[in-house]
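Trainee: Residue numbers (the UniProt record's numbering), protein chains in the order written: chain V, 1 to 314; chain S, 1 to 314; chain H, 1 to 314.
What the hints contain is simulated information worked out from the structure, not anything from laboratory work.
A few of these clues could be false.
For chains that are exact copies, the list does not tell them apart, and a pair is met inside one copy or across any two.
Cut-off 20 Å, straight-line C-alpha distance, at most; resulting in silico cross-link-like pairs (DMTMM-like, lysine to aspartate or glutamate) [said to hold, decoys possible]:
hint, residue 1, residue 2
1, Lys52, Glu225
2, Lys138, Glu225
3, Lys167, Asp188
4, Lys167, Glu181
5, Lys52, Glu77
6, Lys257, Asp81
7, Lys79, Asp188
8, Lys138, Glu301
9, Lys167, Asp81
10, Lys84, Asp69
11, Lys251, Asp69
12, Lys252, Asp69
13, Lys252, Glu186
14, Lys167, Asp69
15, Lys79, Asp187
So you can see what is in the structure, the chains are spelled out below.
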Amino acid sequence: MPEEEETEAEKMFLSVHSHPMPSAFALEEFEFPLRIHIKEMPLFPKWHLPLKLMAVFLSVAFVYTFLRDVLQPYVSEGKNDFYKIPILVLNKVLPWTSITLLALVYLPGGLAALLQLHRGTKYSSFPVWLENWMGVRKQLGLLAFFLACLHAIYSLSYPMRRSYRYKILNWAYQQVQQKKENSWVEDDVWRMEIYISLGILGLGLLALVAISSLPSVMTTLNWREFQCVQRTLGHTAMFLCTAHALVYGWKKWVELKQFVWYTPPSFILASFLPGVVLLLKAVLAMPCFNKRLERIRHGWERPGQKRLIDKDSI
Amino acid sequence: MPEEEETEAEKMFLSVHSHPMPSAFALEEFEFPLRIHIKEMPLFPKWHLPLKLMAVFLSVAFVYTFLRDVLQPYVSEGKNDFYKIPILVLNKVLPWTSITLLALVYLPGGLAALLQLHRGTKYSSFPVWLENWMGVRKQLGLLAFFLACLHAIYSLSYPMRRSYRYKILNWAYQQVQQKKENSWVEDDVWRMEIYISLGILGLGLLALVAISSLPSVMTTLNWREFQCVQRTLGHTAMFLCTAHALVYGWKKWVELKQFVWYTPPSFILASFLPGVVLLLKAVLAMPCFNKRLERIRHGWERPGQKRLIDKDSI
Amino acid sequence: MPEEEETEAEKMFLSVHSHPMPSAFALEEFEFPLRIHIKEMPLFPKWHLPLKLMAVFLSVAFVYTFLRDVLQPYVSEGKNDFYKIPILVLNKVLPWTSITLLALVYLPGGLAALLQLHRGTKYSSFPVWLENWMGVRKQLGLLAFFLACLHAIYSLSYPMRRSYRYKILNWAYQQVQQKKENSWVEDDVWRMEIYISLGILGLGLLALVAISSLPSVMTTLNWREFQCVQRTLGHTAMFLCTAHALVYGWKKWVELKQFVWYTPPSFILASFLPGVVLLLKAVLAMPCFNKRLERIRHGWERPGQKRLIDKDSI
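Bound conformation, chain V alone (with noise of 0.2 Å):
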């Protein structure tokens, strides 16, 4: 009986290259057939880049947040702030890369566009690190994704938790004391209801795209539908997010208080890369570079293009 069963398995990890996994669900090691070297099979070998990137992009942002929120306070103030960090200063981590991340997904597509319009060609390959950055622009869109259905969830959580009730307690127990009748401020109103609105609408369309590249649905698409829900929703939900750090920043910009040890608020820095993308997006897009990238997309080439780099790769 084991005997055969092992020759059952060796069978199924045969037919591991047409499809992947056994039918049964074998989680423990030892339902795994001997004569096969679990630790020879690769570990995901396009998520190492991206993940590497997310983690350097969470540090960075994580001690920047931690410094700026957390730290300076207790120097300057003495004001501990330390309950902040499971959950405030996490939550503005995670934007911040979450958003670095989509702008890195649209980033090769302008920068092999610019590349084209320079060369005046397109028959020219494209340098290997180009390459390889396209190649993994669905994983770093999928981490963008994952981060920004967490921050989403814990920028929900916020009004439950204990910290916000007894600030909303003390704050009222002050308006009595000062006998304000009306707190409102019409201006932080507005600017709140936008950038939750912004937010919960780009969540949205990233998360159709996200669903368009399961590979069940991916191959239901032909190349037009993929484009278009890769690239247009992509790119609006881009702008739609970075709308959204811009219209949270509001009048930060200018309010020096903002700039604590000499250090801009993180909605500008997390903002600066999508905008950069946004804006050769919109300049590419233009007639006069869109026609000429058109008519080079459809072979033509500027005369006198010699194809220098084709036959070196040749």
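Starting from the known structure of chain V, arrange chains S and H on it as the hints suggest.
Mentor: Below, chains S and H alone, put in the same frame as chain V:
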């Protein structure tokens, strides 16, 4: 090299008919082979009608809600409630459209059953408009689910908004001024606990139906399982969502002040169509109709039925 | 025409064995060919046991929570807390059942390892009940994830409820009456920030595990990747969720008033089983056991092992 690449790409395209998308992500137009005319590919043909319907419902609901919730207070009381547009108005528009689309998913099945009962035979084809309608039920349902998700996130974001915080603070101030020890309104509490709970359960069931519509999940279900999920769960979800809308309304049916400018509150309009669909479903499930329907579906024909329609269609 | 249609439908059905669902959505029974007896098809056979288990746990947890949180205050203090049923009681029942199901996903793997250590060989089959249990781990896990999602939405909806608003207003009133300038409780704040954060991270990891269970995603993973997601991520998620439950409990372990009617608070009961599973996992990961287990899994047998069980089974 480039020549070779192109042939490779063409091969990829030829295989597109079986597997529409090549495995490599080719987001940019320049990554696409020359000779394929991307603009001739169809662009989501089955989604055109559902998306247009959604756009129409969203617009009508938006205008209606804007007039009632924002313009009316401004005109008659001079109250500036324009801050409600980005979230509060939108979040009435979203569930209204969502539940309407959901009702449109289950209406054609009822109509078809009525038609069969009337004709007394199943051997006659349905009118073209009904067939087309039945062909886009999946798309209608997915749009309804998407809008329902957005509605959920918008609703959950209510208490984190500045406007909510300021209102709470002002209410607290007033309570202190009025020396009212307890502002608890049992009726209001029950209403909200119930409709939130119903809404979440409805959304949960809709999520299961939506997941079962994923191509790869659908292929693992047999017909009976698929029917069970799409019909039983779907109808239950629609029942919960309609109940959610009605409990949200509670006693507003009879409160005259809710009928601003002689228009009914939106929840009455929103729950009308799903109510009709559920009623039709209930009527058809009654033994007298259900038995006859079952016989018809097993091939029985009313005596004297002359298959006129068939002859016409042949 | 109708005849032809039927043949078409039958062809479709014949192809069902390879692709269970026809491409056209045929929700209504009358769209289904005559001769196929839909009622003879199996209806989610692998889901029966997990669903029954879920129903039992939900019922027991509901009764327990209802008695402690609603009936006890009513009986002993005459306090009417029945409004808690639709959300607050339900939202204790959901996470309790969810984490129990999650523990049941990872318990059989540990039991199997114990059995192998005890028998000193891998060449003997597991008892039938263990094999059956191992065969429904995926279903148990997906149900656990579904309930965890509902739990998250229910929790996020807390502050938008009327009951929460009225409580806040009453607390604010009391704070003013007591002239208490600051109601901040550092301990309480930390507890809640941490357990919310742990819960969100746990849910995020569970979502990744659930996505990797989608058929089309699963087929793109090799064995090692699948193991990595399902075991490493899964155990980490369970660890986070257990920590979430324990931090939620905080010091209630020792507070006598928590033990109403001599019953322990539900978080203690809820975290017992996952605690055992994690402990078992930790013990098995200790070098002395782990090494022996690895040797057994590579075919080593304890001397004197006579394969009695095998002979029996042959």
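Trainee: Now look at each hint and say whether the structure bears it out.
Mentor: Verification of the hints:
no.	hint	result
1	Lys52 <-> Glu225	between (31 Å within a copy, 17 Å between copies)
2	Lys138 <-> Glu225	both (16 Å within a copy, 18 Å between copies)
3	Lys167 <-> Asp188	both (17 Å within a copy, 13 Å between copies)
4	Lys167 <-> Glu181	both (18 Å within a copy, 11 Å between copies)
5	Lys52 <-> Glu77	neither (36 Å within a copy, 57 Å between copies)
6	Lys257 <-> Asp81	within (18 Å within a copy, 31 Å between copies)
7	Lys79 <-> Asp188	between (25 Å within a copy, 18 Å between copies)
8	Lys138 <-> Glu301	neither (30 Å within a copy, 46 Å between copies)
9	Lys167 <-> Asp81	within (13 Å within a copy, 26 Å between copies)
10	Lys84 <-> Asp69	within (8 Å within a copy, 31 Å between copies)
11	Lys251 <-> Asp69	within (18 Å within a copy, 29 Å between copies)
12	Lys252 <-> Asp69	within (15 Å within a copy, 32 Å between copies)
13	Lys252 <-> Glu186	within (16 Å within a copy, 29 Å between copies)
14	Lys167 <-> Asp69	within (17 Å within a copy, 27 Å between copies)
15	Lys79 <-> Asp187	between (28 Å within a copy, 16 Å between copies)
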